[in-house]
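Number of protein chains: 2
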Amino acid sequence: IEAMLRTQGTLPVNVKFFFEGQEEIGSPQMPDFIASHRDLLACDWVLSSDGGQWEENQPVVIIGRRGLCGLQIDLQSSRHDVHSGTYGGTFQNPIHALARLITSMHGPQGEILVDGFYDAVRTLSDAERTQIAEIPFDEKQYVDELGVKQLFGEPGYSTYERAWTRPTLEVNGMWGGFQGEGVKTVIANIAHAKITCRLVPDQEPDKIAKLLSDHIARHAPAGVTFSVQKLPGSADPYLMPLDHPGNIAARIILKELYGKEPYVARMGGTIPVCGSFLKFLGAHMINFAFGLKDENIHAPDEFFRISSFKRGQEAFCMMLEQLGR
Amino acid sequence: IEAMLRTQGTLPVNVKFFFEGQEEIGSPQMPDFIASHRDLLACDWVLSSDGGQWEENQPVVIIGRRGLCGLQIDLQSSRHDVHSGTYGGTFQNPIHALARLITSMHGPQGEILVDGFYDAVRTLSDAERTQIAEIPFDEKQYVDELGVKQLFGEPGYSTYERAWTRPTLEVNGMWGGFQGEGVKTVIANIAHAKITCRLVPDQEPDKIAKLLSDHIARHAPAGVTFSVQKLPGSADPYLMPLDHPGNIAARIILKELYGKEPYVARMGGTIPVCGSFLKFLGAHMINFAFGLKDENIHAPDEFFRISSFKRGQEAFCMMLEQLGR
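Protein chains in written order, with my numbering: chain A, 22 to 346; chain B, 22 to 346.
Bound-form chain A, shown alone (with noise of 0.2 angstroms):
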């Protein structure tokens, strides 16, 4: 912005400024600060530098994000922790119960069984599944990236379709008695559970936390007591049309710098705001970004290249006189 004004005075489109800090920690006061300044934040659509790209020599256009809702069970089933000897065998054991209850939320090859859970996802199209398909998948890679003995998910999908496109539900901690060296004969008095679901087009954040409870409260075993709270940070998935202009205007772009059409892609992961921009002021959010995968995201010794900073800057005005034709 600060070049184009200095080489030419002007900008060819109007442009406004979005400061947004909170997107690790969920941001939790960017819907009704959004909502609650509509008209100052009013635009046509919004450019952001969130995403990435595939390889270096390779760009891409990301069309989708999964949304998130999250709670937290807990179970109780004495008043306090007791002697296993004493009373084992004679009343229902929390930690037992919590490991029943969350089984019952997936089948053995991790489908969800909530009932109603799926109910409001969007059935993929076959040119869905094609942009999907084009994008190379080395399982191999993948698999030793994660450290992991084998791939595992929902039947009828392929990795990338099961991380882009399907919702999942994931408990993030669990935990209940005695977690130290050697052996504590106790029966704990509570046990927990962390529990957050990606979500994606058309699921509804509130909605499916309460098809949760729903669940919670029908497969509670039976001698416990529980309880169940929302967790903070729920956000809607987010899909924009890939011939909105503003992706159009990046195809170009990145065709331009790279010599190659972009891939077609969606992130597994969330960014909240994404969600308020189209809910409140109707806008789209464009990912045009220039972070690769090997950059450590959130680690430690997380970098940048300033070679892929300098394509950044380039393709960042380039969009803007695009925009302005």
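Read the hints as simulated data drawn from the structure, not as lab findings.
Keep in mind that the hints are not guaranteed to be accurate.
Given that identical chains are not distinguished, each listed pair holds provided it fits within a single copy or across any two copies.
Said to hold, decoys possible - In silico lysine-lysine, DSBU-like type, Cα no more than 30 angstroms apart, as pairs: (1) Lys170 / Lys231; (2) Lys251 / Lys170; (3) Lys251 / Lys231; (4) Lys161 / Lys314; (5) Lys205 / Lys228; (6) Lys314 / Lys205; (7) Lys231 / Lys205; (8) Lys331 / Lys37; (9) Lys281 / Lys314; (10) Lys161 / Lys205; (11) Lys231 / Lys300; (12) Lys231 / Lys314; (13) Lys276 / Lys331; (14) Lys300 / Lys205; (15) Lys251 / Lys205; (16) Lys281 / Lys300; (17) Lys228 / Lys251.
Note that the structure is predicted; figures quoted are calculated from it, not measured.
Got chain A; can you put chain B on it based on the hints?
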């Protein structure tokens, strides 16, 4: 002993003292110690002050205790914790796998589903069931003490039968992933569980641990690796004949002291040294004790009644005299 020596100059029977200081940590060195000092420790039977009474005015003869064995399970999936947005839905979450594995060990009514687990368990005779049924059981009081919603356990048995004569498989601790405040959208790479079983005649700790390991190998969900380690402190179950000379003596004395017949009960907990005395010395152990249930055993405010102390002194003298007849 001191009082009898002072007043009578001699004891009616020979007495050896054995001070066991490891009971609360599972007596790890006792079996080897007893096995390698058979001559030094040789005796007809053992008189122990571990045990207790039923009520202050109701004596009890305790003829059995459950044994113990335990192991820890560690399930691993990916090399490190990973982002649930990027990878969620494409590989096995080890917490889900652990929950499924734990759930496979019990039926919905608490029965244990590990193949062969009940094979060695002695069926209760009608006489044994009658003995147990003669002991008053107040379900409401038991439920209130525990603070549970309801009792729960293996069908076909009363609460005391479950607690004293049926084996258990209890998860004493289970943990994996994020346990802090709020939300963290991570998929853990490892999940853990600590399990102990209370054993009854004629279950053997090593055999039960092997059956559990086999079960884990057979039921470990796809996509995870697992390791199983034996926890320290296993113990044989213990049951002595009601007509053992020590029990006959105890019943005569208790009837004289309290003016009523003692209950014949077992306890659900474990005293490992019982099994070692029997195995290596051929000597049964009589539980001749005067502790009461309300004395907050193991709690910071544990106490013992001075009246019980005096009654115990009297009873132990009567026991030695009775045996000398």
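Do the hints match the structure? See the list:
1. Taking the shortest alpha-carbon separations for Lys170 and Lys231, only the inter-copy value of 25 angstroms comes in at or below 30 angstroms, while the best intra-copy value is 34 angstroms.
2. For a Cα distance limit of 30 angstroms, the shortest separation of Lys251 from Lys170 across copies, 24 angstroms, qualifies, whereas the shortest one inside one copy, 33 angstroms, does not.
3. When the C-alpha separation of Lys251 and Lys231 is checked against a cutoff of 30 angstroms, the pair qualifies only within one copy, where the shortest distance is 10 angstroms, while the shortest distance between copies is 42 angstroms.
4. For a Cα distance limit of 30 angstroms, the shortest separation of Lys161 from Lys314 inside one copy, 17 angstroms, qualifies, whereas the shortest one across copies, 61 angstroms, does not.
5. Taking CA atoms no more than 30 angstroms apart as the test, Lys205 paired with Lys228 passes between copies only; the shortest distance there is 21 angstroms, against 41 angstroms inside one copy.
6. For the identical chains of this complex, Lys314 and Lys205 are inter-copy neighbours only, at 21 angstroms across copies versus 44 angstroms inside a copy, given an alpha-carbon limit of 30 angstroms.
7. Proximity of Lys231 and Lys205 under a CA criterion of 30 angstroms is satisfied inter-copy only: 20 angstroms between copies versus 37 angstroms inside one chain copy.
8. Only within a single protomer do Lys331 and Lys37 lie at most 30 angstroms apart by alpha-carbon distance; the minimum there is 22 angstroms, versus 88 angstroms between protomers.
9. Taking the closest pair of Cα atoms, Lys281 and Lys314 come within 30 angstroms of each other only inside a single copy of the chain (19 angstroms); across copies the shortest separation is 80 angstroms, beyond that limit.
10. In this assembly of identical chains, the alpha carbons of Lys161 and Lys205 lie at most 30 angstroms apart only when taken from different copies (28 angstroms versus 42 angstroms within one copy).
11. Within a single copy, Lys231 and Lys300 get their C-alpha atoms as close as 21 angstroms, which meets the 30 angstroms cut-off; across copies the closest is 58 angstroms, which misses it.
12. In this homomeric assembly, Lys231 and Lys314 never come within 30 angstroms of each other (Cα to Cα): the closest approach is 35 angstroms inside a single copy and 45 angstroms across copies.
13. Proximity of Lys276 to Lys331 under the C-alpha cut-off of 30 angstroms is restricted to the intra-copy arrangement: shortest distance 17 angstroms within a copy versus 96 angstroms between copies.
14. Proximity of Lys300 to Lys205 under the C-alpha cut-off of 30 angstroms is restricted to the inter-copy arrangement: shortest distance 25 angstroms between copies versus 52 angstroms within a copy.
15. Taking the shortest alpha-carbon separations for Lys251 and Lys205, only the inter-copy value of 13 angstroms comes in at or below 30 angstroms, while the best intra-copy value is 32 angstroms.
16. In this homomeric assembly, Lys281 and Lys300 never come within 30 angstroms of each other (Cα to Cα): the closest approach is 33 angstroms inside a single copy and 80 angstroms across copies.
17. Taking the shortest Cα distances, Lys228 and Lys251 sit within 30 angstroms of each other inside one copy (12 angstroms), while across copies they are farther apart (45 angstroms).
This entry does not satisfy hints 12, 16, going by the numbered hints stated previously.
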